[in-house]
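> Please put together the full structure from these sequences, using the hints given.
For the record, the sequence lines run as chains A and B. In this text, residue positions in the first sequence follow our numbering: the first is 5, and each later residue adds one. In this text, residue positions in the second sequence follow our numbering: the first is 48, and each later residue adds one.
Because the hints were derived from the structure by calculation, they are not lab data. Warning: the hint list may mix true and false statements.
[Claimed, not checked] Label pairs and their computed distance ranges (CB to CB): (1) B:GLY132 <-> A:GLU19: 16 to 22 Å; (2) B:ALA289 <-> A:GLY175: 57 to 63 Å; (3) B:VAL147 <-> A:GLU147: 43 to 49 Å; (4) B:ASP179 <-> A:ASP97: 57 to 63 Å; (5) B:ASP179 <-> A:THR10: 52 to 58 Å; (6) A:LYS171 <-> B:ASP80: 27 to 33 Å.
[As the list claims (entries may be wrong)] Reference excerpt, derived from the structure (chain A facing chain B, CB under 7 Å, subset only): (7) ALA26; (8) TYR41; (9) GLN51; (10) ARG135; (11) PHE157; (12) ALA179; (13) HIS182; (14) LEU188.
Idealized CB from N, CA, C, for every residue including glycine.
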Amino acid sequence: MQDVCTDQEMVQLLERARRRDAVALDRLYLLYIDKVYRYIWYRVGDQALAEDLAMDVFVRLVENIARFRVPSEQQVAAFSAWLFRIAGNRVTDHYRRQARADRFREKRMSELASGDTEEQGQNRLERLADRDELRQAMEELNENQRQVLYYRFVADLSSAQTARAMKKSEGAVKALQHRALENLRRLLSSPSKGQGSKA
Amino acid sequence: MTLDEALNDCLERMRRGESLDACLARYPQHAADLEPLLRVGQMLRAAPPAISAEAFSRGRTQLRDAALAAPSVPWERRLGRTLRGLALPLGLAVAMLAMVLIAAAAWRSAPGEPLHPLQRLVQTAALRLTTDPAARAAQHLALAELGLADMKTGWADSQEIDPDSLSRFVGDIDSALAELSRAASPSPTTLQGLVSLAYEGRAWLLSVAEGLPAGQQAALPAIAQRLMAMEGWAQAGLVDPANLLGYVSGKEPPALPTFIPAATASPTPTRSPALTREPATVTVTANPAATPAGRPSPTTTPTFAPPPSTPSPTATVTRQGTPQPTGAPVEPPQTPTPGETPEPDDTPTAVPETPAPTRTPTSPPATPTPLPSPSATPTAAATRTATPTWTPIPNTATPTATPRPNTATPTASPRPDTPTPTASPRPITATPTRTAEPTETEEATATPEPSQTAEPTEPPEETETPDARWWR
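Below you can see the structure in the form of structure tokens.
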């Protein structure tokens, strides 16, 4: 599923995208739409909202791509970090304008459950509950741990790319991702899932 | 391999499509620890629902529309943006260039010019950027020159001396001397400049003193003494830079004689109703080989004798009494033959008829023998003048003067700016008629009999003494 792009390819792609090259922009979309959407989903917990916000992120990308300037050897990591910042800002803007995330989630869960058979509906609700627990557990992590998991499992960056995006050493990223996964596992396995203190 | 490393390796492999079990098989020793973590990672990847096809297509279309809608920035706007981006750096560069040009112009400005008020500011800024003591000394000296020029300008404009300018002038000379004392190799040029500037300032203050308010007049003697002391230190530094080390440590100035070239003109006062004897100056050639035994009396320690600067030897009045505590008559001083430089062991040619003063100042030191020290550095003198003449301190008209120890030792080299024996005495000499107060006391304030004091009717060349009212 993941499309791979090297730093050198990314340099050329971004250069063309700055000139509003439709092909280059479409290629960026294909490369990053899923990552951006998944990241936003973790933040908002709602598929439709995550999709809408992800679309908005790419419109912002087109408007602001000319301002993106980083050394060529860090293009992939830096572009991912930049795109995730745009996505994060969009999420923040969204919550600022309308604080209705909880209502959205409840509404969506009831909609999804309404059209299924009882068993199908129960399975779907369990999956949704699991996802929600995972999201809640993610919220219990500290910012660095949450960020490293986003980069590694949502943006699908390598540990080296994550290190560049987070401006840390690769060793620090390895240790950080270990602690993050360990804390997340502990939070998910505890009786009060997702209700623990910040790791 | 640590667990961190193993976990990371497994995550990278699973990122490339390898199964969880295959990864665990690679690290059996860590498998128990790795498995739950890798499963959490799998959950993180799998948790978000896939984006819907409808949303995927809609987003793609939106992106294309946005790309088409966003107009390509025309070159005019790009240029405008570029110029706007450069506006701040360009503005800063222009401002800095203007400041540099203004500073350069201010640096060279003369008093009265519009940029002159900035000169001190610029020079002070330059001083703060300088760390080398020798360079700092030169800059302090430049500031002192500036201060003197400002004082002169202020005097010409309003017949007033700005106390701050005066304070800065003295302070800058002091700072220059302090920096020179710290310098690895003090510049002789700077030292000479310091001597000249201190003297020039002192002379100028003298020239304007009469017009000053009483308060400033009262303060001037102390200022003059300080300038004179710094002048002495600078001279000592010229002899041996190591002498300067004592300046900042608060030592007394080194015992240096004041070098006075022999007068070339005949001391012929035209009117001297009370003059009972000729103003005499005992001159001694600064011969390195000269032995102290060959020196004639008086043996008093000379105090301050300003270097001559004008050829009016008739006004030179020298001490006529030996300031020995015993009150013994003074050995008659010699009157130098004009144009001649007597050898150190010459017998004085002029013997005053009048007796030596019976009252001698108490201030002279107990060992008032200004004999040349064997440790003298006559080479310095020898290199400067062929036959420099030393004048025992012509304490002249004011017996109250306390002989300055720093001018007592003839081992010091002559003043660098008056190395020629034919040079004229400086104009700053005390008027004997003003300072010679005949008193009967044995104190240091005792003065010789008026009859012993030369009172040339010609404008006398004052010989400075520490407490002489030189500014009158």
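> Tell me the hint numbers this structure goes against, listed in increasing order.
none
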